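Novice: Produce the entire structure from the sequences given, and follow the hints as far as they go.
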Amino acid sequence: MSQAAVAEHPSVIEAHNLGKAYFPHARPLTRLRAALGAQVHAERFWALREVNLSVARGEALGIVGRNGAGKSTLLQLLCGTSTPTTGSVHVHGRIAALLELGAGFNPDFSGRDNVLLNGPLLGIGREQLLARMDEIIAFSGLGHFIDQPVKTYSSGMFVRLAFSLATSVEPDILVVDEALSVGDGEFSRKSFDRIQAMKERGTTILFCSHALYQVEAFCTRVAWLDGGQLRAIGEPHDVVRQYDMFLAQDAHAAAAGAGQGAQAAGATRGHARITHTRISVDGRAGDPLDVRPGESTLRVEIEFASDPALPAPVAGVTIDLPIGMALTCAVSRTDGVVLERDAGGSGTAVLEFPRIALRKGEYHVGVYLGHENAVHMYDSALAVGTLRVEDRKPEPGLVSLPHQWHSHRGPRP
Numbered sequence: 006m007s008q009a010a011v012a013e014h015p016s017v018i019e020a021h022n023l024g025k026a027y028f029p030h031a032r033p034l035t036r037l038r039a040a041l042g043a044q045v046h047a048e049r050f051w052a053l054r055e056v057n058l059s060v061a062r063g064e065a066l067g068i069v070g071r072n073g074a075g076k077s078t079l080l081q082l083l084c085g086t087s088t089p090t091t092g093s094v095h096v097h098g099r100i101a102a103l104l105e106l107g108a109g110f111n112p113d114f115s116g117r118d119n120v121l122l123n124g125p126l127l128g129i130g131r132e133q134l135l136a137r138m139d140e141i142i143a144f145s146g147l148g149h150f151i152d153q154p155v156k157t158y159s160s161g162m163f164v165r166l167a168f169s170l171a172t173s174v175e176p177d178i179l180v181v182d183e184a185l186s187v188g189d190g191e192f193s194r195k196s197f198d199r200i201q202a203m204k205e206r207g208t209t210i211l212f213c214s215h216a217l218y219q220v221e222a223f224c225t226r227v228a229w230l231d232g233g234q235l236r237a238i239g240e241p242h243d244v245v246r247q248y249d250m251f252l253a254q255d256a257h258a259a260a261a262g263a264g265q266g267a268q269a270a271g272a273t274r275g276h277a278r279i280t281h282t283r284i285s286v287d288g289r290a291g292d293p294l295d296v297r298p299g300e301s302t303l304r305v306e307i308e309f310a311s312d313p314a315l316p317a318p319v320a321g322v323t324i325d326l327p328i329g330m331a332l333t334c335a336v337s338r339t340d341g342v343v344l345e346r347d348a349g350g351s352g353t354a355v356l357e358f359p360r361i362a363l364r365k366g367e368y369h370v371g372v373y374l375g376h377e378n379a380v381h382m383y384d385s386a387l388a389v390g391t392l393r394v395e396d397r398k399p400e401p402g403l404v405s406l407p408h409q410w411h412s413h414r415g416p417r418p
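Numbered continuously in this note's numbering, the sequence shown closes out at residue 418.
The hints are simulated quantities; they were obtained by calculation from the structure and are not laboratory data.
Restraint ranges, calculated between C-beta atoms of paired labels, are given here:
1) Asn378 / Asp118: 37 to 45 Å
2) Ser16 / Glu308: 30 to 38 Å
3) Ser93 / Ser115: 37 to 45 Å
4) Gly288 / Val342: 21 to 29 Å
5) Pro407 / Thr157: 44 to 52 Å
6) Val342 / Asn22: 50 to 58 Å
7) Leu403 / Glu205: 25 to 33 Å
Keep in mind the model is a prediction, meaning the values are calculated, not measured. For each residue, glycine too, the CB sits at the ideal point set by N, CA and C.
Specialist: Structure below.
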């Protein structure tokens, strides 16, 4: 569709009475007849039902819900990779989906060949692909491995190439389904920065994630699915709060059913998540924050919810360079601190950096929650705050380390 045609539609996605049913116990012939539109009498399972949705051009719509709520089914229907059982979907503009990254890659072909073969499926012509090839390779970080067979790639290399290709399309609509955890920490930050830049350019984004803090911070509107139906849609803070309360009530009911009698936790069983963060310098909040080197105090507050039946999670705070490299990291477990929680599993971890020793430059603050033994990460939030440091000292460097000078007359005795 042309850009002029796209501009005519204030809503780039319109779904009416959308539903998707499966026949999990039916014979293959029965499922085939159903797919062809014939009437069948096998028992249906509705993965999605009676969803009405309109997404405005340039909007970032978050989609939240528990596993099995219908989120992936909805995205597949909107992308056209699945056919609705009821209702209709109208998409105005070119769509790119980060659903199953690299699903069409041939393992025996090189990375370069796979880019050339899969690009046209995303709507990129061969000439455009050749013109963008160096940029795609550079973003993926594969270097000379681009000409090696994909079957020799690590899983991280595989998804990095697939992500680089998928986001080079410059679509009108980008669909993201838990795709920001691809690759290592540096590439994960690069991928989020690229999606953020697309959002700022006016790309419509559908953003599906279990990281509620990230959804609330990134999206302009949030839809909550449960049991295949749309439970709520509206302002991110309001919908995420409703979803929080639903999870808390569900966890409380589960605990009561097990005879545990614990208060409700604002996180699903076996998990922990960040519910809110606050970054301040010398008592002032905001973003960015101005820091006086060697004088200011940085304070990071992490509110979290966790399963009270499990040990308290571990909190971590990183201060990163703009390129994604961690300058320093503080972890509660390493410092011998056990986080306190109420009976429902909620708590607040507070970390202070007094007289912070950063030198001139810009830095990002990140936070995360991990397993009590630090072998699994529950939740994380990248770049929740930006520190801006101006230093009048002309000497180079990123930090000022504690030091002492000594002077002697003549050679040291």
